[in-house]
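Could you put together the complete structure from these sequences and hints?
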Amino acid sequence: MAALLGRSCRKLGFLSSGHGARRSVSTETGKSLNLYSAINQALHIALDSDPRSYVFGEDVGFGGVFRCTTGLAERFGKNRVFNTPLCEQGIVGFGIGLAAMGNRAIVEIQFADYIYPAFDQIVNEAAKFRYRSGNQFNCGGLTIRAPYGAVGHGGHYHSQSPEAFFCHVPGIKVVIPRSPREAKGLLLSCIRDPNPVVFFEPKWLYRQAVEEVPEHDYMIPLSEAEVIREGNDITLVGWGAQLTIMEQACLEAEKEGISCELIDLKTLLPWDKETVEASVKKTGRLLISHEAPITGGFGAEISATILERCFLKLEAPVTRVCGLDTPFPLVFEPFYMPTKNKILDAIKTTVNY
Amino acid sequence: MALSRISSRSNGITRPFSAAFNRFISTDSTPITIETSLPFTAHLCDPPSRSVESSSQELLDFFRTMALMRRMEIAADSLYKAKLIRGFCHLYDGQEAVAIGMEAAITKKDAIITAYRDHCIFLGRGGSLHEVFSELMGRQAGCSKGKGGSMHFYKKDSSFYGGHGIVGAQVPLGCGIAFAQKYNKEEAVTFALYGDGAANQGQLFEALNISALWDLPAILVCENNHYGMGTAEWRAAKSPSYYKRGDYVPGLKVDGMDAFAVKQACKFAKDHALEKGPIILEMDTYRYHGHSMSDPGSTYRTRDEISGVRQERDPIERIKKLVLSHDLATEKELKDMEKEIRKEVDDAIAKAKDCPMPEPSELFTNVYVKGFGTESFGPDRKEVKAALP
Chain A
1 MAALLGRSCR
11 KLGFLSSGHG
21 ARRSVSTETG
31 KSLNLYSAIN
41 QALHIALDSD
51 PRSYVFGEDV
61 GFGGVFRCTT
71 GLAERFGKNR
81 VFNTPLCEQG
91 IVGFGIGLAA
101 MGNRAIVEIQ
111 FADYIYPAFD
121 QIVNEAAKFR
131 YRSGNQFNCG
141 GLTIRAPYGA
151 VGHGGHYHSQ
161 SPEAFFCHVP
171 GIKVVIPRSP
181 REAKGLLLSC
191 IRDPNPVVFF
201 EPKWLYRQAV
211 EEVPEHDYMI
221 PLSEAEVIRE
231 GNDITLVGWG
241 AQLTIMEQAC
251 LEAEKEGISC
261 ELIDLKTLLP
271 WDKETVEASV
281 KKTGRLLISH
291 EAPITGGFGA
301 EISATILERC
311 FLKLEAPVTR
321 VCGLDTPFPL
331 VFEPFYMPTK
341 NKILDAIKTT
351 VNY
Chain B
1 MALSRISSRS
11 NGITRPFSAA
21 FNRFISTDST
31 PITIETSLPF
41 TAHLCDPPSR
51 SVESSSQELL
61 DFFRTMALMR
71 RMEIAADSLY
81 KAKLIRGFCH
91 LYDGQEAVAI
101 GMEAAITKKD
111 AIITAYRDHC
121 IFLGRGGSLH
131 EVFSELMGRQ
141 AGCSKGKGGS
151 MHFYKKDSSF
161 YGGHGIVGAQ
171 VPLGCGIAFA
181 QKYNKEEAVT
191 FALYGDGAAN
201 QGQLFEALNI
211 SALWDLPAIL
221 VCENNHYGMG
231 TAEWRAAKSP
241 SYYKRGDYVP
251 GLKVDGMDAF
261 AVKQACKFAK
271 DHALEKGPII
281 LEMDTYRYHG
291 HSMSDPGSTY
301 RTRDEISGVR
311 QERDPIERIK
321 KLVLSHDLAT
331 EKELKDMEKE
341 IRKEVDDAIA
351 KAKDCPMPEP
361 SELFTNVYVK
371 GFGTESFGPD
381 RKEVKAALP
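Residue numbers (full-length UniProt numbering), protein chains in the order written: chain A, 1 to 353; chain B, 1 to 389.
Quick caveat, the hints were computed from the structure, so don't treat them as lab data.
These figures come from a predicted structure and were not determined experimentally.
C-beta: ideal position from N, C-alpha, C; glycine also.
Be a bit skeptical, because a hint or two may be false.
[To be verified] Label-pair restraints from in silico Cβ distances:
(1) A:V123 to B:T302: 37 to 45 angstroms
(2) B:N209 to A:G134: 33 to 41 angstroms
(3) B:S239 to A:P170: 34 to 42 angstroms
Below you can see the structure in the form of structure tokens.
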């Protein structure tokens with residue numbers, strides 16, 4: 001049985017937003033926090049700054065299964081931070097109703113794998129509310145947070161990446177942070193965004209990722225991708241925890257003389273086409289990587305759009321390094337995952353096309 | 001007098017003892033009547049009698065099987081801490097009476113479907129310890145070929161439909177199985193088990209409505225261990241009388257720590273379901289471990305509560321007292337039995353440890369039916385990395 005190829009690299013730390021970043025907040029110092037603490041801080045600030053915001057979901061009262069909601073119930077009271085029974089459909093529906101009355105409903109779905117009972121509510125109710133009521137009503141105050149992604153031993157129902165299902169729904173936004181500093185700023189933007197947002201948090205990074213996070217209230221704009229590493233030979237696009245793996249592949253590729261440009265999409269819907277387009281026009285090559293299965297994954301949308309916009313500038317076909325087309329496996333996880341070596345192989349093949 | 005050697009090849013668990021008891025009471029079919037410790041509480045039906053027909057054989061079997069289940073779960077706990085079992089592991093110790101009582105009342109043609117706390121139900125349905133430990137450790141010899149893990153045990157030949165990770169999703173499935181049984185005129189029923197947390201899922205009520213409308217032989221069994229993960233039942237449900245939640249569907253509340261009460265209730269439920277349609281059983285039970293191995297189980301309940309239940313209501317202790325009071329075995333014989341069980345479990349673990357992991361090619365099998373011929377792509381999309389068989 002092959003060893004965990006590259007998954008262990010996650011333990012070494014992860015991307016800083018240092019290289020060539022254009023966000024001023026990235027140069028500020030702050031406290032060293034991990035992902036769940038950063039999210040916790042964001043929630044504290046959100047509830048503090050708006051008295052009509054509420055956090056609810058399964059087990060959030062004592063802090064949640066990932067500790068993201070610690071201290072909230074004690075500080076803001078059980079009327080604003082409360083547990084719900086085990087019914088995702090009910091929780092999201094309830095959140096939509098709350099948001100429709102002008103409140104900020106911050107809903108937690110315990111694992112992204114369990115979001116499907118609420119899928120109807122999100123797609124048919126939340127996404128279309130403003131549209132079908134002719135702007136009389138909206139549920140913009142709704143933010144749904146869910147931990148997603150592989151964690152090493154999650155198996156079928158604790159590892160899924162369902163972002164592609166939601167990217168297909170006009171009317172909602174889908175946001176995925178890559179690190180603690182990003183998560184805090186993005187989550188605050190999502191909560192304050194006047195549209196319903198689904199915020200996927202990479203659960204692998206809850207404890208593993210540690211970064212300096214400014215303690216004040218700051219927001220990172222949505223629908224703006226960030227070039228976190230500049231290069232000239234190939235553009236790599238990803239989001240969430242996968243970026244850590246991609247950066248390692250970039251470092252290895254650099255040793256072989258391939259200069260890689262790495263872009264964090266951050267917001268998947270609506271996504272920043274201009275930044276990616278500009279990058280691909282410079283490099284001429286594109287590689288997309290995500291944990292979700294390759295067929296119908298969000299990489300397909302990026303690929304098709306870039307092809308439309310940059311066809312004549314492309315030196316090689318757009319390549320995608322993604323999860324395999326199988327249910328997320330238990331013992332086979334190392335084979336399923338888009339690992340550093342798979343990405344490296346693809347980089348080399350694309351550059352040598 | 002010591003029990004004579006029992007065959008060491010453990011395949012099933014409800015084998016009759018080959019031992020010859022040196023007693024004046026013959027063991028095999030001496031009928032014994034046991035009174036359940038608590039009366040049944042009924043909703044829209046007449047509760048069954050508190051006197052349960054049993055036999056000395058059955059009493060000893062109950063003890064042995066429950067002790068085996070208990071030992072298996074404790075062993076799984078150690079294996080998980082030793083990182084031989086990975087992923088998620090939800091242990092059933094404390095709730096054994098439900099599994100064993102249900103089995104005693106039904107046949108292998110009746111279907112059982114449950115959620116993720118399924119190790120003991122699988123054993124009750126005839127699964128072997130080897131299959132259990134292999135599946136937990138992700139080995140080939142496991143009941144789901146190592147591809148399912150702790151939450152996905154299945155046994156088709158005993159009508160055990162698993163083993164489900166998503167809470168509440170198994171109940172509509174169970175009602176569907178009941179529909180098939182009725183359609184095929186099988187004279188069998190389906191027990192769809194779920195927990196007090198799942199009892200608040202909307203799909204349960206949808207399935208219940210359909211079952212009642214079409215008179216399906218579906219028995220919905222709420223294994224109420226009073227905590228949905230970390231949430232106590234009074235904080236999750238407006239009405240914690242889960243047996244009444246069916247409203248127009250009859251229900252029965254049962255002491256889930258008393259294997260004989262469970263047996264009587266399941267027998268009653270089976271007769272009801274075959275004649276009149278769905279019924280809800282609420283098993284008042286308790287789990288000693290936390291929700292899963294990552295939950296210490298003591299942040300939302302006191303240690304006193306746990307040890308209190310262990311002292312007052314432990315299902316194995318109850319059977320042990322009955323065995324001793326009916327003079328079917330001595331303390332020492334029971335202790336020897338427990339020692340043998342421990343050895344049986346250790347042997348099964350050792351055997352499972354030697355078993356290989358599934359072949360890498362198994363990653364792609366059974367996604368679709370064989371021969372469907374789809375492709376699974378790796379990087380580049382230029383080379384087909386694997387063709388799904």
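Results for each hint:
no., hint, in the structure
1, A:V123 to B:T302: 37 to 45 angstroms, "holds (43 angstroms)"
2, B:N209 to A:G134: 33 to 41 angstroms, "holds (35 angstroms)"
3, B:S239 to A:P170: 34 to 42 angstroms, "holds (40 angstroms)"
Hint violations for this structure: none, all hints satisfied.
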